[in-house]
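Engineer: Start from the sequences and build out the full structure, keeping to the hints where you can.
Protein chains: 2
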Amino acid sequence: MPLRLLITAGPTHEPIDDVRYIANRSSGRMGAAVASAAMAMGLPTTMILGPVGVDLPSAGRRIDVVTAAQMHAAVLREFPNHDLLIMAAAVADFSPVPVAGKLKRRESGAMTLELFPTADIVKDVVSHKRDDQRTVAFSLEKGGDLERAAQKMRYKKVDLMVYNSIATIDSPRIVPTLLWPDGRTLVLDDSSKGDFAGVLLEHATRLFDG
Amino acid sequence: MPLRLLITAGPTHEPIDDVRYIANRSSGRMGAAVASAAMAMGLPTTMILGPVGVDLPSAGRRIDVVTAAQMHAAVLREFPNHDLLIMAAAVADFSPVPVAGKLKRRESGAMTLELFPTADIVKDVVSHKRDDQRTVAFSLEKGGDLERAAQKMRYKKVDLMVYNSIATIDSPRIVPTLLWPDGRTLVLDDSSKGDFAGVLLEHATRLFDG
Chain Y
1 MPLRLLITAG PTHEPIDDVR YIANRSSGRM GAAVASAAMA MGLPTTMILG PVGVDLPSAG
61 RRIDVVTAAQ MHAAVLREFP NHDLLIMAAA VADFSPVPVA GKLKRRESGA MTLELFPTAD
121 IVKDVVSHKR DDQRTVAFSL EKGGDLERAA QKMRYKKVDL MVYNSIATID SPRIVPTLLW
181 PDGRTLVLDD SSKGDFAGVL LEHATRLFDG
Chain P
211 MPLRLLITAG PTHEPIDDVR YIANRSSGRM GAAVASAAMA MGLPTTMILG PVGVDLPSAG
271 RRIDVVTAAQ MHAAVLREFP NHDLLIMAAA VADFSPVPVA GKLKRRESGA MTLELFPTAD
331 IVKDVVSHKR DDQRTVAFSL EKGGDLERAA QKMRYKKVDL MVYNSIATID SPRIVPTLLW
391 PDGRTLVLDD SSKGDFAGVL LEHATRLFDG
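Those protein sequences? They're chains Y and P, same order as listed. At position 183 of the first sequence the residue is numbered 183 (the numbering used here), and the sequence of numbers has no breaks. At position 9 of the second sequence the residue is numbered 219 (the numbering used here), and the sequence of numbers has no breaks.
Hints listed in this document are in silico derivations from the structure and should not be mistaken for laboratory results. None of the values given here were measured: they were computed from a predicted structure. We put the CB at the ideal spot given by N, CA and C, even for glycine. Do not take every clue at face value.
Here are a few chain Y residues that face chain P, going by a calculated C-beta distance under 7 angstroms [what the hints assert, rightly or not]:
| no. | residue |
| --- | --- |
| 1 | D18 |
| 2 | V19 |
| 3 | R20 |
| 4 | I22 |
| 5 | N24 |
| 6 | R25 |
| 7 | L56 |
| 8 | S58 |
| 9 | F94 |
| 10 | V97 |
| 11 | P98 |
| 12 | A110 |
| 13 | E114 |
| 14 | L115 |
| 15 | F116 |
| 16 | I166 |
Structural biologist: Rendered as structure tokens:
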């Protein structure tokens, strides 16, 4: 049976009120490229997609979400029916308690917004996963902070971590480094997100070997 | 000489750090519809556009901006060379002081974000305008709060205010009410943003009569 892929992509939007929101910058391109590559390989693919305008392959199943909480619920609900999760979405880490209506502009003075950490989707999904499932996550860090990406890999217990720098955002290109829990590291050249999607899937499918 | 139009559209994005931002929900559709209608009427048109994926008429001049401060600067710089400003952008009212890099997620506890009011573009542009120029603004309010739209019209000293409800966001349709400083009010039917763009331009060009 071919591997069944679950891929998240895009940002999430966390409402401040009915008009305003907080988001991470994310074009959704990396996740869309992985989904395209997976479908080209004939792998059954489900995408969970935040609010982005990116073009997606029309084949495959698509679930649209807006907030981090909605993405969390969708991933935990869908993963049991899939073998491999590739978490390419840029999920908001912090979310305000939304206010109904529209906050009024004040003529002067600051406004204070209290933000609370969102649920850690990768950590939660890993804590529920079966031994025959694998997870891949992305770690977006300031240039060169591989150690933080490695820490996240260990803390979240993912099977493969993709480090990429903040320069990746809004770019058609990526300069990734792959990190495995056994300490292997693979520094890859600058490439298009489309080309990297194929390379990533190759390494991700090998996680099921042996 | 035909009227020269300056139209703003879309949201602005206010950076929290290199990754996160605050924005108003806005598709840019209303401003794009007004620009299309203006160009169809043969009016020279400049668009100042926040970060949106909306399709724009390729004719006309286009200036891309990201933040409220950039839109403020662009509008004040461009308006002297135009006759009519139609301010359809959903400019952020509040902006954080951005942090370089990426704020770290904390395992627990809230994060506090200090937000400061952005400059009021409409108010500032009106205070610099010539007697032969006119301004149109939009007021997005909770259903039915016409009084607040009227207050904004008087405070900002615009020549025509378009009230619309929060339901307008992300919608291809609008249920607008037009308000003039002399007290006239025109409640319009639910219509497509394209149809309303033509009606709005008709009323806006009449501001130059007499």
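Engineer: If a hint holds in the structure, say so; if it does not, say that too.
Structural biologist: Each hint, compared with the structure:
1. D18: holds, 5 angstroms
2. V19: holds, 5 angstroms
3. R20: Check passed: Cβ of Y/R20 comes within 6 angstroms of chain P, closer than 7 angstroms.
4. I22: Cβ of Y/I22 sits 5 angstroms from chain P, so the hint holds.
5. N24: Check passed: Cβ of Y/N24 comes within 5 angstroms of chain P, closer than 7 angstroms.
6. R25: With a minimum Cβ separation of about 6 angstroms from chain P (threshold 7 angstroms), the hint on Y/R25 holds.
7. L56: violated, 14 angstroms
8. S58: Status violated, d = 18 angstroms.
9. F94: This interface hint holds because 6 angstroms falls under the 7 angstroms limit.
10. V97: violated, 10 angstroms
11. P98: At about 12 angstroms, which exceeds the 7 angstroms cut-off, the nearest Cβ of chain P leaves the hint on Y/P98 violated.
12. A110: holds, 5 angstroms
13. E114: Holds, because the Cβ-Cβ distance from Y/E114 to chain P comes to roughly 5 angstroms (cut-off 7 angstroms).
14. L115: holds, 4 angstroms
15. F116: holds, 5 angstroms
16. I166: This interface hint holds because 5 angstroms falls under the 7 angstroms limit.
Of the numbered hints given earlier, the model fails hints 7, 8, 10 and 11; all others are met.
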